[in-house]
Amino acid sequence: MGWIVTEPTLSSQALTIAGRDIQRERRRGEVLWVILPFGAIAMLLIPFGIGIDTPMLRRIGPGLFWVVVLLFGVLVTVRRTAADTDTEQALMLRLGVDPVAELLGRSAASVAMLIGFQLVVGAVTIALYDVDIARWPVLIALVPLVAIGLGLLGTIAGGISGSSGGANLVPFLVAPLAIPLLLAATQSMDGSTPTGGILGWLLLIVVVDIVLAVIGVLTARPLQEIR
Amino acid sequence: MTAPATHHDVPASLRLTWLDKTAIVTLVVALGLAFLTPPEATQGNVARLFYLHLPTILVAYAAFATTLIGVVAYLATKDLKWDQLAGAAAEVGVVFTGFTIIVGMIWAKPTWGVYWTWSARLTLTAVMFFAYLGYLALRRAVDDPVVRAKRSSLLGILLIGLIPIVHFSVIWWRDIHQGGTILRPDEMQIDGILATALLAGFVAWSFTGAALIRRSWKLARLEGELDQRLRAGDGRVAGDAVDTPALDGSKDASS
Amino acid sequence: MNGWGWVLWGYGVVFFAVGIYLWALMARTRSVERRLDELG
Chain C
1 MGWIVTEPTL
11 SSQALTIAGR
21 DIQRERRRGE
31 VLWVILPFGA
41 IAMLLIPFGI
51 GIDTPMLRRI
61 GPGLFWVVVL
71 LFGVLVTVRR
81 TAADTDTEQA
91 LMLRLGVDPV
101 AELLGRSAAS
111 VAMLIGFQLV
121 VGAVTIALYD
131 VDIARWPVLI
141 ALVPLVAIGL
151 GLLGTIAGGI
161 SGSSGGANLV
171 PFLVAPLAIP
181 LLLAATQSMD
191 GSTPTGGILG
201 WLLLIVVVDI
211 VLAVIGVLTA
221 RPLQEIR
Chain D
1 MTAPATHHDV
11 PASLRLTWLD
21 KTAIVTLVVA
31 LGLAFLTPPE
41 ATQGNVARLF
51 YLHLPTILVA
61 YAAFATTLIG
71 VVAYLATKDL
81 KWDQLAGAAA
91 EVGVVFTGFT
101 IIVGMIWAKP
111 TWGVYWTWSA
121 RLTLTAVMFF
131 AYLGYLALRR
141 AVDDPVVRAK
151 RSSLLGILLI
161 GLIPIVHFSV
171 IWWRDIHQGG
181 TILRPDEMQI
191 DGILATALLA
201 GFVAWSFTGA
211 ALIRRSWKLA
221 RLEGELDQRL
231 RAGDGRVAGD
241 AVDTPALDGS
251 KDASS
Chain L
1 MNGWGWVLWG
11 YGVVFFAVGI
21 YLWALMARTR
31 SVERRLDELG
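Protein sequences appear in the order of chains C, D and L.
Last residue of the first sequence? That's 227 in the numbering used here, and every number before it is there in order.
Last residue of the second sequence? That's 255 in the numbering used here, and every number before it is there in order.
Last residue of the third sequence? That's 40 in the numbering used here, and every number before it is there in order.
Incorrect hints may have been included.
[What the hints assert, rightly or not] Label pairs and their in silico Cβ distance ranges:
(1) D:ASP240 / L:ASP37: 19 to 27 Å
(2) L:GLY12 / D:PRO11: 27 to 35 Å
(3) D:THR196 / L:GLY5: 22 to 30 Å
(4) D:TYR115 / C:ALA167: 26 to 34 Å
[To be verified] With the Cβ distance kept under 10 Å, some of the chain D side facing chain L (calculated, not the full set):
(5) SER13
(6) PRO39
(7) ASN45
(8) ILE106
It should be emphasised that the hints constitute simulated quantities derived from the structure, not laboratory data.
Just so you know, even glycine gets a beta-carbon here, dropped at the ideal spot from N, CA and C.
For reference, chain C alone in the conformation it holds in the complex (with noise of 0.2 Å):
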C-alpha cells in the first residue's frame, strides 16, 4: 500500500517555510557576518561619543542594548533572504502555500536569528559596559517575547512596505511602534521597578506580541494579493 499523502497543515507549512529562510540565511550569512558585528559596533561606538566613564556606563548600558536591539535588530527582518524573488512568489502561490503560513514561517526564522542577535550584543554589552544583570532571570522570558515582537513587527511592515520601500523604509515605519517593546524590556530589568511592575511589563509584551500575530494573519492574504 502507498503512502497518502495529505494537505499540508498550516504549521507544517510555517516550519518548512521557517526552516528554509534560515537554511538559506545560513548560507547567505548576512545576519551572521554584516548585521550582528554591526549591531556590536554599535555598542562600542556608544563610548566614544558619551565617554568612558565606567559607572555611567554601567548605568546607561541596559538602556543603550535595548535600543540597538530594536533599530539594529529590526534589519534582520529586512535582510536579502527575507525577501522571495518574483520566481519564487509565483512558485508559492502555485503551490497553494496559505499565506498565514509564510508568515508565520518568515517570523519564526527572524525571531530565531533575533534572539541570536540579543545574545551576542548582549554578551558585547556586559564586556564593554561592565553590566551587572541582577534580574537576569528575567531575561529568560524577555529575549524570545522581545525578539516574537521584533520578529513579528519588522516582517508585517517589510511585507506591507514590499519592494517600494527599500531598506531603509522598515526601520522607519517600526521605530515608533517598537517603543513599548522598548519600554518594556529596560523597565522590567530595571532594579528599581517592583516584581509586580515587572510582570505588568512582560505582560505588556505579550499582549503586543498577540496583537502583532492577529494583525498578521489579518493582512497576510490581502499582502499576498498586491506583492
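Given chain C's structure and the hints, the job is docking chains D and L onto it.
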C-alpha cells in the same frame, strides 16, 4: 491688460469657498482675542501661546481621526477617493502635529527653562509625528495608486492596532517616574474672557484645519484623475511613429 | 525676551507656516489643473 476674470473663470485652486472664508474670519477674531485679552494670572503673556497650542492639538487629532475614517472607508468600499482622503488628512495632521510641538517648545522655554520635557503628552505627540510621517513616507514610495491605497490601508491597520498600546505604555512609563516637583502644564487660570479666547481659538483652527484638509483632498483627487488619464492615454505608443521600411521604394500603407 | 517676544515667535512661526502650506497646496493644485486642461 486683460479684463478681470469672472467668478466662473477662477480656477478651483484659487477660489475661496465658504469654508475658507469662515476660517479666515474666525482666525482674525481668534487672533484679536488672543492678543487683546488680559494676561493670564500665573504665567502672564506667555499663556497666550496656549490659545494656539491646544487648538493645534485638536486639529492634529481630528486629522488623525479623518485618516482613520479614510482608511476604513477605503477598505470597505475600495473607492480610491477614501484613500486620497486618508493621505490628505495625514498630510495636514503632520503639519499640525509639528505646530503643536513647536509652539509647545516655544511656550516651555520661558515657562520651565527648557524646550523639552518628557511629559507623557509631549512625548506622545512626538511619537505620533513620526508615526504619521512614516505613513506619508510609505505613500511617497509607491507609484501605482491602487497599490499605494492597499499598502497604506494595511499600514493603517498596523497603526490602529499598535498606537493605543504605544500610548498606554508611554503614559504608564511617565506615571512611574513622575516626580512631585514637576510643574504641571495645566497650572493656569483660564476663565472668563480668557476662556472665550481659547474657545475662539478652537473654533477658528477647526475651520482652518477643515479647510486645509478639504483643499488637500481636492488636490489628491485631482492628482488621481490626472494619473488615471495619463495611464489610460490614447493608446498610442512611441513606436507607432516609426514606419516599417519599404524596401521597394513605395510608401508603406500603415502609418 | 519678555513674554510678548515668545508669543510673537510662536504665532509668527505658525501663521507663516500655514501660509506657506496653503500657498504650496494652491500652487500644486493649479499645476495639476493646468495639466488636466491640456489633456482636454
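Hint-by-hint comparison with the structure:
1. With their beta carbons about 25 Å apart, ASP240 (chain D) and ASP37 (chain L) fall inside the hinted range of 19 to 27 Å.
2. The hinted range of 27 to 35 Å is satisfied by GLY12 (chain L) and PRO11 (chain D), whose Cβ atoms lie roughly 30 Å apart.
3. Roughly 25 Å separates the CB atoms of THR196 (chain D) and GLY5 (chain L), a value that falls within the hinted 22 to 30 Å.
4. Between TYR115 (chain D) and ALA167 (chain C), the C-beta spacing of about 33 Å keeps the proposed range 26 to 34 Å intact.
5. For SER13 (chain D), the shortest C-beta to C-beta distance to chain L is roughly 4 Å, which falls under 10 Å, so the interface hint holds.
6. For PRO39 (chain D), the suggested interface contact is upheld, since its CB lies about 7 Å from the closest CB of chain L, less than 10 Å.
7. Because the smallest distance between the Cβ of ASN45 (chain D) and any Cβ of chain L comes to about 3 Å, under 10 Å, the interface hint for this residue holds.
8. Look at ILE106 (chain D): its Cβ gets to within about 4 Å of chain L, closer than 10 Å, so that hint holds up.
Hint compliance for this structure: every hint is met.
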